[in-house]
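Enquirer: Go by the hints and put chain U with the ligand onto chain R.
Respectively, the protein sequence lines represent chains R and U. Start counting the first sequence at 599; every next residue gets the next number (my numbering). Start counting the second sequence at 5; every next residue gets the next number (my numbering).
Take every hint as true, because none was put in to throw you off.
Okay, derived cross-link-like pairs now, DSBU-like style, lysine-lysine, Cα gap no bigger than 35 Å in a straight line:
#1 U:K27 / U:K110
#2 R:K675 / U:K360
#3 R:K927 / U:K110
Since the hints were made in silico from the structure, they are not lab data.
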Amino acid sequence: MSVDRSRELIDAVTASIESGKPLSIRGGNTKAFFGGPQTGEPLEMSGHSGMVSYEPTELVITAQSGTLVSEIESTLKEQRQMLPFEPPCFGERATVGGAIGCGLSGPRRPYAGSVRDFVLGTRIVNGRGEDLRFGGQVMKNVAGYDVSRLMVGSMGTLGLLLEVSLKVLPAPRSECTLMLEADRDGALEFQQRWSQRPSPISGTCHSGGLLHVRLSGSETGVASAKSKIGGDTLDDGDAFWTRLREHDHEFFKGAGRLWRLSIPQASPDPDLHGDSLMEWNGALRWVISDSPADRIRTAAAEAGGHATLFRNGGAETEAFHPLSGSLLKLHKKVKRAFDPKGIFNPGRMYRGL
Amino acid sequence: MSVAEKISIRELRNRVAGDLRRKLARESVLADEESLRPYECDGLSAYRRLPLAVTLPDTVEQVQDVVRYCHGNGIPIVARGAGTGLSGGALPIEEGVILSLAKFNKILDVDTGNRTALVQPGVRNLAISEAVSHLGLYYAPDPSSQIACTIGGNVAENAGGLHCLKYGLTVHNILKLKIVTVDGELVTIGLDSLDSPGYDFLALMTGSEGLLGIIVEVTVRLLPKPECAKVIMASFDDVEKAGNAVSSIIAAGILPGGLEMMDNPAIRATEDFVHAGYDTDAAAILLCEVDGTPEEVEDEIERVRRVLEASGCIKMQVAADDDQRQLFWSGRKAAFPAVGRISPDYYCIDGTIPRKALGDVLNRIEDLSSEYGLRVVNVFHAGDGNLHPLILYDGNIEGELERTEQLAGKILEMCIEVGGTITGEHGVGMEKIDHMCVQFNTAELTQFHAVKEAFDPGRLLNPDKAVPTLHRCAEFGAMHVHKGQLKFPEIERF
Ligand SMILES: Cc1cc2nc3c(=O)[nH]c(=O)nc-3n(C[C@H](O)[C@H](O)[C@H](O)COP(=O)(O)OP(=O)(O)OC[C@H]3O[C@@H](n4cnc5c(N)ncnc54)[C@H](O)[C@@H]3O)c2cc1C
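This is chain R alone, in the form it adopts within the complex (with noise of 0.2 Å):
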């Protein structure tokens, strides 16, 4: 169902700068969790859904923010296309506005690219109420500053998102997932020797003595670099990606606090006494572990990335890793060039902006 809510929310933006009352933006609010603490008053964005575009010669999909993600991707499937960035969506609820707000991306990640990779326009309300239009439909634009993927991951603290235009890309005509067992040194291994050349991997899991490797293409392509590979095929492959991409993986059941490490892909693994799973052949380690969280910070620091709080963090630690005094000098700044008044998400992504 098709309804346009961008009227309404433009004035619910212009009441809370007039208040001075901050929104808490809500999609499905699938990602609660995610993140800092939600304060303001809920802007509940379920409703505002619906396809304003899509045309598959195009490979581009333009779709109002409340839309969910299940919907856009069963549409896209019927023209065999698909997401090539995998949001993870964590309920059946989660809306594409979510999506780009968290900016989280899944298993395909380092082959196809992320979430920010794939946006091509948007349409935004600022802290000022203006209803505003960046990027477009088309694949090259480079017409005035990237405003468009500046709003990934922002966790809603820019502006209010109406719509969102999306690159897609053709559905792999092949897809087959294979089992090995390897230790971490071996996966580890497996992938430095595989990421060399190209190769159809679009997809890699290695968690508890298995390696998981997911191959997508033409059939002949997926077929010989199966052949080369080796190790077990998996029946039901997509349903394993899918349970990785959503946590409902057995590692992501295990308690404690869950640390997402976006590190080089060759890092070996940092000792951070827990458990981990590791994905995007190396450049993402989830780790279960109650150590410190300056010590798990410094370890993706040094080895040249960061690392989330992810889930059950508690209110103490932020969720996100810190930024340096310049950096996050700037991120003041730009907040304030496009919510003066601060009514978007207050600290939803650091606390004070």
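Expert: This is chain U with the ligand only, laid out in the frame that chain R set:
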């Protein structure tokens, strides 16, 4: 410029050059007219201005010194890479200095395990791929200017290339930047990992045309070279059919490594120049490259062939070997210089449109071409819907440049009208600044200015480019309505 202004510029030049020479080596500051001449324009040579001085620092500290000095004295700064930009982005400002990154030409580190390279901003685009070729790696974005343009300039313009439909633009292929902010601070944006915390300033900096900071270091992602690549050249007797074939290829679920189109005048000009074996009778040719593992390439080529046949292609040729493949591409890559041989001057346009509008827009360009009495040659990144119509003119003929600019303006407005944009990869710079007023409304432009203000409140970094002032738009709009023609009031013409 009045005599009094000329004198004051000379005095200012002497003072600024003197001050800067106390910070940099003597030969790193150019201030006499003869040495400044080469910097008076970028690839858009219709606009020329002499800067106060050119500085050529060779350390980041020196960049910081120059920037701090300019910041302290209210002097505008225009960063410059190789000056191949086509929108006047590196055009000097008379009361400003050029900050050339030419001496920052070193590849600092190549990390094979993580497939990244840490490079200085003045490194040429192609030099990166050359330096890592023996490792089986390359840097994907390949603008046609890649032998000359710098990676710093690529980031500042978000440059694309022949292969960006599949492999992305500059913004998709960089991980980290070091920038010097207008107050001289060194800030790292992004990390060595695939993502980084906080706002996506990496995206914001990419394509910011030197208005937000000076890029002094870039970490790029490298890709393994495709094991195998094949290209098909397909001829059409009708431009619209060729345009539709592009959409059909995409609709068939094929994602080519490159998908380029040339119309008949472009085919003839390049064939005369490089003898690539193009079909000079065709109304249009498509070059479609698929790459990957040998098995994938075999599959895909077959599929492309079937789609092309169904699209009414009249002739098809798969390059027999890699030499012939390179030859096919060499014509496309040499399209601009080839056109340079058949006309005293040419003006390159860079609009992007939805692919489905290709045929229609081409026909309308042809109509406009006869209306204005100016020849237009079309080459495109067809897969991305990125057009590069080249308008042929003679700058020595009174009024031709003006007519050319009017025709260009019409084509750009048409791009907006069909749902596209005024620039796909060359940037706004000075050239398309007035068309920004057509593409964006007041509130949107104000938001851009607010972003600029956050990084550069004194408006010293490449001021008055890329984003027009509201005042300028008001004037442009008024002129537009009253006289029906475009003008660039603040720019001298040559
Ligand atoms: C024949 C020809 C073919 C071309 N083909 C393509 C193509 O296929 N695709 C494409 O995208 N472009 C193309 N271009 C345009 C041009 O080459 C690109 O825009 C390129 O990225 C410019 O790089 P440069 O080093 O020459 O930058 P310059 O022209 O020196 O500068 C461009 C802009 O970047 C800014 N800048 C430069 N360096 C820095 C820095 N270190 N920090 C901050 N700002 C900086 C400048 O101020 C200016 O605004 C072509 C140009 C020519 C002449």
